[in-house]
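Chains as they are written, first to last, in the numbering used here: chain A, 1 to 134; chain B, 135 to 469.
Hints listed in this document are in silico derivations from the structure and should not be mistaken for laboratory results. Treat the hints with care, since some could be wrong.
[Said to hold, decoys possible] Straight line, CA to CA, 30 Å or less: simulated DSBU-like cross-link-like pairs of lysine-lysine: (1) A:LYS116 <-> B:LYS449; (2) B:LYS194 <-> A:LYS32; (3) A:LYS59 <-> A:LYS116; (4) B:LYS194 <-> A:LYS38; (5) A:LYS117 <-> B:LYS194; (6) B:LYS166 <-> B:LYS194; (7) A:LYS24 <-> A:LYS38; (8) B:LYS194 <-> A:LYS24; (9) B:LYS166 <-> B:LYS439; (10) B:LYS198 <-> A:LYS32; (11) B:LYS449 <-> A:LYS59; (12) B:LYS166 <-> B:LYS198; (13) B:LYS198 <-> A:LYS38; (14) B:LYS166 <-> B:LYS449; (15) B:LYS439 <-> B:LYS449; (16) A:LYS59 <-> B:LYS439; (17) A:LYS24 <-> B:LYS198; (18) A:LYS116 <-> B:LYS439; (19) A:LYS117 <-> A:LYS59; (20) A:LYS117 <-> B:LYS449.
[To be verified] Part of the chain A face toward chain B, derived, beta carbon under 10 Å: (21) GLY50; (22) PHE70; (23) LEU120.
Everything numeric in this text was worked out from a predicted model, so none of it was measured. Yeah, the Cβ is synthetic: ideal placement off N, Cα and C, and Gly gets one too.
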Amino acid sequence: MLSDFIPLFLSMVMAGGLALTLLKAAEIFGPKRPNVTKRAAYESGMDPIGTARDRYSIKFYLVAMIFIVFDVEVVFLYPWAVSFRDFIAAGEAGGVLAVVFLFIIILGIGLLYDIKKGGLDFDDLRHQREFQGR
Amino acid sequence: MDLPLYWIAAIGFLLINFFLVSASVLVYAERKVSAYIQNRPGPNRVGPFGFLQPFADVVKLVFKEDIRPSAASGFVHSLAPWLMVVIAMTATALIPMARGIVIAPLEVGVLALLALTSISVYGITLAGWSSNSKYSLLGGLRSSAQMISYELSMGLAVVSVVLMAGTLNLVEIVEDQAFVWNVFRNPIGAIIFLVTAFAETNRAPFDLPEAEQELVGGYHTEYSGMKFGMFFLAEYVNFFIASFVIVTLFFGGYLLPFEYLYADALYEAGLGWLMTILQLLGLVVKAGFFAFLFIWVRWTLPRFKYNQLMTIGWKYLLPIALVNVMVIAVIMAIF
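Let's have the full structure, built from the sequences with the hints guiding it.
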């Protein structure tokens, strides 16, 4: 089984060599004249204020967490999708469909709940209303 | 396919070089097409019709200074472009180029492809984080959130294809379309996959990670010289591969139109090599059309706002993709 993957690893090694060659070529041929201004982070011409190692919006964490749940759902659907033809041939399509649909609908309710709770709203309307004094 | 390993290596080497050259051609095509859309001549100085412009650009990039910001994390800053190129180039090994010509004919080809493409999220996120610049960080964050959001709908569109083919093997999925392309059996899945392919490759109208009006260059703001060139290369190879995957999953892959009518006759006449060449050409032509579509859309449609992007991904594409899978399962069970 693992031997099937050897060509894939082979092309991965070749691609890695290619990318390394590009990096090294630039290192060998490119000029090296660094100075403080050149090496400063770009901030539209101003001196950089603080670092970028800062806190950012919690929304990105929320999206990542919801993604995990639904990605696992998609992963669980793959074995069913591969073997569904066999289930049809065995005449068991109805029961299998009922189980899978129950699974999808439960997660669909989860998605609906998340949307209603505003977990996926990136335009913060509540904040905007407060800002406009409403 | 039981080819000796050195033979596979040779084909793989050729394929990687093919995609390298095609990336240059695509850069040229993008600049020319955008020029004609905007009613200007485009590059026309280097070589006939400016055709050698991308090659001149590569030479220029190699001889440029590699500026690394003093606040950046050195190793990760170099790792990110390396990772992007490796992922993009490795994915080429999985695509069936003609009947019997595929470097890695895996039983789980579809899963390997999805796994590889989802690693490119790391390249962009690491690039954004390691630069230690605010624009880069915002670009990287946006990109990771966007790519994982659209990956779900993409995965579900692929599930609907797998459902009909009953296999994860890309070659068998192509052969399954011998009589009718998947795009006619599963049009909604094809549209969802096309839209998510645009989002996954960070192409307009989903190019928020590098929205130049608000984020300068997004995740590659702090990259210069060849490292920037590597991100550029990876982007063009990625959308060319996306074109190949769209063709493989929905538009019959390497199959020629109505091949079942004359394929057997040609093979019996000993013209198998002709079939292989025609299939290869047909695949490249089909993929070339989708590459043109990617360019065409980029220079025609305006960019989405970030909240619109998330709304499309989670509130429209994901439910539609789920319902599409259910509908196809029901239709398969009935007929």
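Status of each hint after checking the structure:
1. A:LYS116 <-> B:LYS449: holds (11 Å)
2. B:LYS194 <-> A:LYS32: Holds. LYS194 (chain B) to LYS32 (chain A) sits at ~15 Å (cutoff 30 Å).
3. A:LYS59 <-> A:LYS116: Roughly 15 Å between the alpha carbons, so the hint for LYS59 (chain A) and LYS116 (chain A) holds.
4. B:LYS194 <-> A:LYS38: holds (19 Å)
5. A:LYS117 <-> B:LYS194: violated (52 Å)
6. B:LYS166 <-> B:LYS194: With a Cα-Cα distance of about 20 Å, the restraint between LYS166 (chain B) and LYS194 (chain B) holds, given a limit of 30 Å.
7. A:LYS24 <-> A:LYS38: holds (21 Å)
8. B:LYS194 <-> A:LYS24: At roughly 15 Å apart (the allowed maximum being 30 Å), LYS24 (chain A) and LYS194 (chain B) satisfy the hint.
9. B:LYS166 <-> B:LYS439: Holds: LYS166 (chain B) and LYS439 (chain B) sit about 27 Å apart, inside 30 Å.
10. B:LYS198 <-> A:LYS32: Distance of about 9 Å is within 30 Å: holds.
11. B:LYS449 <-> A:LYS59: Since the Cα atoms of LYS449 (chain B) and LYS59 (chain A) sit roughly 16 Å apart, the hinted pair holds (cutoff 30 Å).
12. B:LYS166 <-> B:LYS198: Distance ~25 Å between LYS166 (chain B) and LYS198 (chain B) Cα, so the pair holds.
13. B:LYS198 <-> A:LYS38: holds (14 Å)
14. B:LYS166 <-> B:LYS449: violated (36 Å)
15. B:LYS439 <-> B:LYS449: holds (15 Å)
16. A:LYS59 <-> B:LYS439: holds (16 Å)
17. A:LYS24 <-> B:LYS198: The given pair, whose Cα atoms are some 13 Å apart, holds under the 30 Å limit.
18. A:LYS116 <-> B:LYS439: Cα-Cα ~21 Å, so holds.
19. A:LYS117 <-> A:LYS59: holds (13 Å)
20. A:LYS117 <-> B:LYS449: holds (13 Å)
21. GLY50: Hint on GLY50 (chain A): holds, closest Cβ of chain B at ~9 Å, below 10 Å.
22. PHE70: Where the cut-off is 10 Å and the nearest Cβ of chain B is about 5 Å from PHE70 (chain A), the hint holds.
23. LEU120: holds (5 Å)
Violation of the numbered hints given earlier is confined to hints 5, 14; the remaining hints are satisfied by the structure.
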